[in-house]
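Modelling step: build the complete structure from the supplied sequences, incorporating the hints.
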Amino acid sequence: MKDEMRRIMKLVEEGKISANDAMDLIEAIESGSEAEPVGVAAGVASEGVTPPPKADEAGAKHQDPLRAAMDSIEKLTKDIAAHVDWKEVTEQVRTGAKKGFEAIRDAAKDISEGKVTLGFFFNSESKTVELPLAFEPRKTLRIDNPSGTVTVSGKAPLGKVVAVATIQGASQTDAKERAEQYNLVIEESEMFVEIKQPNMSGLSVNLTVSLSESCPVEIRTASGDIAVIDLEHGVRVYGASGNVKLERIEGVVEISTSSGDIEILSVKSPSLVVENKSGDIELDIVEGNLNVRTASGDVSALHIVARTLAIEAVSGDVNVEVPGAFDGTLSIRTVQGDTRVKVGSESSARVTLATLNGDVSCDLDLAEKHNQDKRITGTIGAGAGTLDISAVSGDVHLN
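For our numbering, count along the sequence shown from 1 and bump the result up by 16.
For the record, the hints were derived by calculation from the structure and aren't laboratory data.
Computed from a predicted structure; not experimentally measured.
There could be a bad hint or two in this list.
Stated by the list, open to error - Taking lysine-lysine pairs in the DSS-like style, the calculated list, with each CA pair at most 30 Å apart, reads:
hint : residue 1 : residue 2
1    : K143      : K176
2    : K212      : K171
3    : K155      : K212
4    : K192      : K261
5    : K171      : K26
6    : K212      : K192
7    : K192      : K171
8    : K261      : K143
Pasting the structure below:
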């Protein structure tokens, strides 16, 4: 890993890649590729491009495509290397599209032969497909869109789906031919209606789905932002990279993402579960039981009405406001970051505030208050509920 970091920094110093491209490369290396590695310059022995190791030389492991691409780009001049779209390279590595790796390999071959066209990175063609969308509301709508934005809105006068596809090719002619072959896939079964993309490398699709009848919605993406508004039967979102925004939603809500900010506004849900590895989480005007877990990022939960609210955060500040009289269960666990909680003055709960490394404070008048060794306990009102906040490193404040 350290060797790869040094190589990337050297490419930055030589002006072959930008700082932003370097960050993308580092992220791709850290996340790793699940696809079968394919050497970028496989079979190329010309000067300037490093061929991948043979099986007997590499042992059980083949050369990672991203590292093979780095081998090739390191040999290029500054002017030529500056024209490589590194974002596309790293995206192909992440998505594991085998044909994409082959295209990178072909591009490296062009470099070795002095062509330096790198057409795969430059040539693209767009195609728009619009289809009607009508089905029984009892069915669940499933959307699988590996790359590109997804926007779903209910309460539309007419149900339809619009796909704006961008297809890349080795040449402009190749891109046009591939674009002509693109078709959106919609399949309907007894319980589901599925919107899917064809298996094409170099494909990115921005989807806009309008629903005339509200229904449960499930969305899966690998890369791209997701926005869902005006649904009455809940939504489930599974994303790898991209921001998520939900607004005016009723029903069960589940969100699981790896990277990106999450914004949830005006939601009424019997159960709302949010899991995010990296990115801020913002909730505002939310009614329902909440369960929020994040590895890195701030959590803001304002104007919350809930019987149960649980937040677990590894790194980031937590800010919670429950303006009404709270008598349910509120539990917040943080490793590193400050926590501030505000509850209504007529709340009823047993209170425990604690931190190992930080300050603890409470502006409320607690009955049976004990304050000792960065720990405060006591009771608000009759003590019907539970309010438990603890941190490893960070301040804890209740008002």
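Here is what the structure says about each hint:
| no. | hint | in the structure |
| --- | --- | --- |
| 1 | K143 <-> K176 | holds, 17 Å |
| 2 | K212 <-> K171 | holds, 23 Å |
| 3 | K155 <-> K212 | holds, 16 Å |
| 4 | K192 <-> K261 | violated, 33 Å |
| 5 | K171 <-> K26 | violated, 53 Å |
| 6 | K212 <-> K192 | holds, 21 Å |
| 7 | K192 <-> K171 | violated, 36 Å |
| 8 | K261 <-> K143 | holds, 26 Å |
Checked against the numbered hints given earlier, this structure breaks hints 4, 5 and 7; the rest are met.
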